[in-house]
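*Asks:* Spelled out from the first residue to the last, the chains are:
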Amino acid sequence: MEIYEVVTYFTLLLLLFSAARVVTTSNVIHAAISLVFTLALTATLFLLLSTQFVALVLVLVYIGAVIVLFLFGVMITRAPLGKNAELDNDKNKLIGATISGAIFLLFSYILINGFDGEIVITSGSSTELLGEILLSRFVFPFEIVSFVLLAALIGGITLARKDEALVDEDQI
Amino acid sequence: MIVQPVLVTAAALFSLGIYGILVRRNAVMVLLSIELILNAVNINFIIFDSMLADSLMQGQIFTIFIITIAAAEVGIGLAIVLMLFRNRQTANINEFDLMKW
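These protein sequence lines are chains B and P, in that order.
Using our numbering, the first residue of the first sequence is number 418, and each one after it goes up by one.
Using our numbering, the first residue of the second sequence is number 140, and each one after it goes up by one.
By construction, these hints were calculated from the structure, which means they are not laboratory data.
Just so you know, even glycine gets a beta-carbon here, dropped at the ideal spot from N, CA and C.
Take these hints with a grain of salt, some might be off.
To be verified - Going by beta-carbon spacing under 8 Å, a handful of chain B positions derived as facing chain P: (1) L431; (2) L432; (3) I450; (4) A457; (5) V474; (6) G541; (7) G548; (8) V556; (9) L576; (10) A577.
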């Protein structure tokens, strides 16, 4: 087995562990930090598959911005920091595990049978070419997405802003 | 390198996200689980892009679009959670039963 495959499998294993920690830990901050690890390992996987630009976008946008937003959300909604037994619906645990396990088994069965013997040859992809394609053939969806982002920004500000006329004095 | 281990890992991430959505009680934690699901989709797009060696790199381009949409979704989602918290003084999704009678 080559060293490349060993590194890839090790990354996948760590990815599974950290993702399991996101949904099972009873500490809100630990869940957010585990999501950081999950995303960093995903970026590592993308680098191993030689898609460098997407890995960098993932690090910049997710780890740089989205996680900070999540930590703000945790702090603003005053989720109890530290260990908190009330974080999970205990009566939903069995049904949640059943449904997600069934989905996992179904997906694994289909994927393992459907892609038997398919291999990936990492030849390296050019960021320059990606930029050219993104701004020529896919320029219309690109602009639409930028508009969606602008609309979400304005919508988020409008929703989260304190509306003085509607808020009572005793509320925050 | 064979593709199945990566695909199965992505499927596992997806089902862990589903589990988190069903089990978690805090609305912010549910949004974290949605991020896990989107991440699983990203991994699938990238591995299929590498597998097919697409000359248009559509897998990578759609991954970038998904990351952008996910950022927008988190912004809106947290704004909605913030509004709910202001009205109900809690982020517990069991208590958001306004549409239930």
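*Asks:* Hints first: check each against the structure and report whether it holds.
*Replies:* Consistency of the hints with the structure:
| no. | hint | result |
| --- | --- | --- |
| 1 | L431 | violated (10 Å) |
| 2 | L432 | holds (6 Å) |
| 3 | I450 | violated (11 Å) |
| 4 | A457 | violated (11 Å) |
| 5 | V474 | holds (6 Å) |
| 6 | G541 | violated (10 Å) |
| 7 | G548 | violated (10 Å) |
| 8 | V556 | violated (11 Å) |
| 9 | L576 | holds (4 Å) |
| 10 | A577 | holds (4 Å) |
Hint compliance for this structure: hints 1, 3, 4, 6, 7 and 8 are not met, and every other hint is.
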